[in-house]
Amino acid sequence: MAGSRWADDAEAKALEAQRKKEKEEKKRLKLEKQRQQEEEARRASEEANRPQKRRRISLGPQDDATPASKESEAPELLKLEGGSWGPCRNVSNYETLNAIEEGTYGWVSRAKDVSTGEVVALKKLKMDFAYEGFPVTALREIQLLRESHHPNIVSLKEVVMGASLSDVYMVMEFMEHDLKTLQDDKLEPFLQSEVKTLLLQIASAVHFLHDHWILHRDLKTSNILLDNRGLIKIADFGMARRTSSPPPPNLTQLVVTLWYRSPELLLGTPTYDTSVDTWSLGCIFGELLLKEPLLQGKNEVDQLSRIFELCGIPTNDTWPGFKRLPNAKSLRLPSNADSRAHGSIVRAKFPFLTSAGADLLSSLLSLNPENRPSAKDMLNHPYFKEKPKPISTALFPTFPSKAGQERRRRIEPHAPQRGEAPRVSMAEVDFSGIFAGREEEQRGAGFSLRMG
Amino acid sequence: MATEFANPLATEYQLMNSSSQIDRIPDDLEKSIRFAGARLTQAAGILLRLPQEVIAQAIVIFTRFWIGPEGGSLVQYGAEEVSAASIYLVSKISSYPKSPRSVINVYSYLRTLPSTFVEPNSLGKEDLESYFVSEGTYQSRRAALFAMETQILKILGFNLTTVLPYKLCINYIQTLGVFNQPHAPELVKRAFAHLNTALLSHQLLYMTHQPPWLATAAIYLAAKEEGIKLPEVNWWEFFDTDVEELGFLVCAFLDIEGFAAGEEEKWGKRKVPMTVEEVEDELEKRRILDGGN
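Here the protein sequences come in this chain order: F and H. Read the first sequence against the UniProt record's numbering and you will find it ends at 452, with the numbers running on by one and no gaps. Read the second sequence against the UniProt record's numbering and you will find it ends at 293, with the numbers running on by one and no gaps.
The hints are simulated quantities; they were obtained by calculation from the structure and are not laboratory data. Just so you know, these numbers come straight off a predicted model, no measurement behind them. Ideal Cβ placement from N, Cα and C applies to all residues, glycine included. Wrong hints could be hidden among the right ones.
Not the full set, but computed from the structure, chain F residues with beta-carbon under 8 Å of chain H [said to hold, decoys possible]:
1) 77
2) 82
3) 83
4) 87
5) 134
6) 157
7) 162
8) 182
9) 245
10) 247
11) 248
12) 251
Not close to chain F: a few residues of chain H, all C-beta gaps over 10 Å, as computed [as the list claims (entries may be wrong)]:
13) 24
14) 110
15) 166
16) 185
17) 188
18) 221
Could you build all of it, start to finish, from the sequences and the hints given here?
Shown next, in the form of structure tokens:
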């Protein structure tokens with residue numbers, strides 16, 4: 001459907017012309033915006049200088065203090081700035097340019113702020129009012145994004161509404177690419193220096209989230225956006241939620257897109273923590289190196305089997321207590337004598353990775369969640385200090401924008417939908433044979449399938 | 001980082017101009033309804049067995065809804081439906097979500113109480129059938145609840161940030177080194193009581209003052225009342241509270257009791273109008289009374 005657009009030469013020309021026009025318009029509006037900002041800054045500074053109105057209250061002897069002595073004693077108090085609130089603006093403040101993609105929770109399009117000319121991503125929320133009113137996932141996403149101010153997390157500019165109460169749009173900053181599509185379109189995998197730059201940014205965003213007690217729960221390359229200057233921003237907080245220590249008991253296992261889902265989730269753990277995100281980081285690391293998703297399971301069972309194939313079979317020593325997880329009870333695993341099956345083959349699978357790199361990757365992909373490093377540990381890992389050094393984002397190669405004119409294609413499972421977590425029946429699943437072919441060559445190209 | 005302890009506050013302009021005021025709702029009536037609505041939310045929260053933290057957030061959201069010229073107007077929205085939707089919305093994003101059915105049942109029950117300032121020991125003596133909700137009524141009330149929920153989100157611009165002072169309060173009491181004193185439990189209780197009462201303040205304290213200031217003032221007042229000695233320094237400054245703010249808040253906390261008593265006296269056995277129709281009736285009644293003068 002996307003390709004046919006380009007077949008039509010006339011349309012391509014028209015699009016080209018449109019793009020040119022937009023560019024000119026953008027330039028003009030940028031100047032206009034700059035002028036406005038300057039004026040606003042001037043006004044703000046004036047406002048700040050104006051003395052604040054405040055009711056004066058007598059409170060004992062302190063009140064007798066003369067203004068002069070008060071000045072000298074003035075304590076240094078933390079300024080508490082929480083802003084204010086106002087109603088949602090109307091969606092007519094934005095002009096839709098073109099559709100980008102349809103995600104689990106909404107339709108995303110590229111749009112332009114009519115007054116400033118700024119190009120934004122406009123996400124129309126899918127509203128299924130019937131049973132719970134305003135979708136709680138959307139509420140969580142909006143609240144968490146509002147609170148997460150970080151250079152590597154996509155910023156939510158505002159929420160606007162249309163004529164009816166079910167027309168709700170999130171206005172976010174526009175990013176040219178997502179890592180998944182970009183990677184699919186590239187001929188070669190990213191260079192080591194590029195992988196490091198990308199990973200550092202992703203880990204820094206994840207560290208910020210975890211530091212603020214937020215679990216993302218759907219980290220994957222298609223949720224990681226990239227602009228033309230190599231700047232990464234994590235998006236799609238539809239699965240995210242707050243956590244605590246110890247983690248809340250009522251967490252759903254129905255999180256994280258299958259290919260990025262950790263073994264403990266697949267085994268039905270009733271409680272989990274930030275390490276589910278760290279597992280996804282490992283999958284993303286592997287994917288950046290391979291230029292294709294690392295573990296492309298066809299279903300939960302197949303996913304688990306691929307994980308064990310890569311990372312080895314867990315034992316009570318390497319992952320104490322894993323056998324008590326709900327779905328692990330009926331697992332038939334190879335006998336302990338088969339030592340060949342217990343080691344990770346991460347190093348063998350990535351022969352070009354330095355030992356520091358392989359160490360990082362295999363620690364991220366530790367079966368035992370407790371052995372995975374935190375996002376903070378990851379940032380300090382020697383892999384990022386050794387040569388080749390992470391490339392500066394300024395030197396990052398640029399790519400023609402996909403989201404600019406074309407719909408994104410997606411060949412991957414969707415994020416899980418809300419509902420009952422599937423009881424994976426492992427009864428008939430026999431993993432004892434999966435290592436027979438370990439010595440043989442690795443599997444070829446992955447599957448491309450759509451699940452859902 | 002300061003934003004983690006900060007709430008969005010009402011601007012001076014928002015405080016001076018409410019949507020109800022523009023629609024010519026008398027100031028005293030607006031205050032009465034806001035006060036009764038906050039109390040209603042508190043009562044519903046208790047019946048729904050929600051923790052005070054969730055109830056407090058619902059009251060803050062309820063109160064914010066009416067503020068400013070772009071806020072909700074009593075001519076258009078009933079306080080009862082706004083209260084129900086606030087509590088439903090806040091509970092949904094908390095760890096204690098409540099079903100629409102529970103919320104609707106609780107509000108139907110509260111509706112049957114004979115007066116706003118009801119004698120506590122008359123509670124629970126009503127006829128069960130008087131607040132039974134039929135399936136049809138339930139369906140239509142649920143639709144109304146959902147619509148109101150989104151309306152609140154729209155008017156607040158989806159800004160639901162509500163930082164509460166309770167945890168800070170405990171934290172400050174610990175920092176002041178009085179947490180292990182024999183009277184510490186009374187101090188905490190008293191301070192929390194002030195913070196809860198402040199949610200009902202006609203001076204909209206949670207809309208005008210940041211959580212650290214509220215917590216500090218509650219501790220200051222509670223310590224005075226319980227006769228607990230606090231360090232003889234300007235300790236409030238450590239909690240980022242200006243002495244003038246402290247003084248104002250202490251007075252404002254003490255003021256609420258008088259306001260509440262005045263409201264009770266004013267309304268007596270009557271009900272404060274909690275729906276659009278009831279507000280219209282009240283205005284009509286006042287017009288007639290005015291005409292007689």
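Against the structure, the hints:
About 4 Å separates the beta-carbon of residue 77 of chain F from the nearest beta-carbon of chain H, less than 8 Å, and the hint is met. At a threshold of 8 Å, the smallest CB-CB gap from residue 82 of chain F to chain H is about 3 Å, leaving the interface hint in force. Evaluation of the residue 83 of chain F hint against chain H yields a held restraint, the C-beta minimum of about 5 Å falling below 8 Å. Taking 8 Å as the C-beta contact cut-off toward chain H, the hint placing residue 87 of chain F at the interface holds, the least distance being around 5 Å.
For residue 134 of chain F, the suggested interface contact is upheld, since its CB lies about 5 Å from the closest CB of chain H, less than 8 Å. Contact between residue 157 of chain F and chain H, as hinted, is not supported at the beta carbon level, the nearest pair being about 11 Å apart and thus beyond 8 Å. Interface restraint check: residue 162 of chain F against chain H, minimum CB-CB distance 11 Å, threshold 8 Å, status violated. The restraint placing residue 182 of chain F at the interface with chain H is violated, with a minimum CB-CB distance near 31 Å, outside the 8 Å limit.
With a cut of 8 Å, the hint placing residue 245 of chain F at the interface with chain H is violated, because the nearest CB-to-CB distance is about 14 Å. This hint is violated: residue 247 of chain F has a C-beta 12 Å from the nearest C-beta of chain H, more than the 8 Å allowed. A distance limit of 8 Å between C-beta atoms decides the matter here; for residue 248 of chain F the minimum to chain H is near 6 Å, and the interface restraint holds. Taken as an interface hint, residue 251 of chain F does not check out: its beta carbon lies about 10 Å from the nearest beta carbon of chain H, beyond 8 Å.
Distance to chain F confirms residue 24 of chain H as a non-interface residue, since its nearest Cβ pair spans about 21 Å, more than 10 Å. Separation of residue 110 of chain H from chain F is adequate, the least Cβ-Cβ distance of about 20 Å exceeding the 10 Å criterion. No beta-carbon of chain F is positioned within 10 Å of the beta-carbon of residue 166 of chain H; the least distance is around 16 Å. Even its closest Cβ contact with chain F, about 25 Å, leaves residue 185 of chain H beyond 10 Å, as expected for a residue assigned away from the interface.
Against the 10 Å criterion, residue 188 of chain H stays outside the reach of chain F, whose nearest CB is about 22 Å from its own CB. Even its closest Cβ contact with chain F, about 12 Å, leaves residue 221 of chain H beyond 10 Å, as expected for a residue assigned away from the interface.
In this structure, the earlier hints numbered 6, 7, 8, 9, 10, 12 are contradicted, and the remaining ones agree with it.
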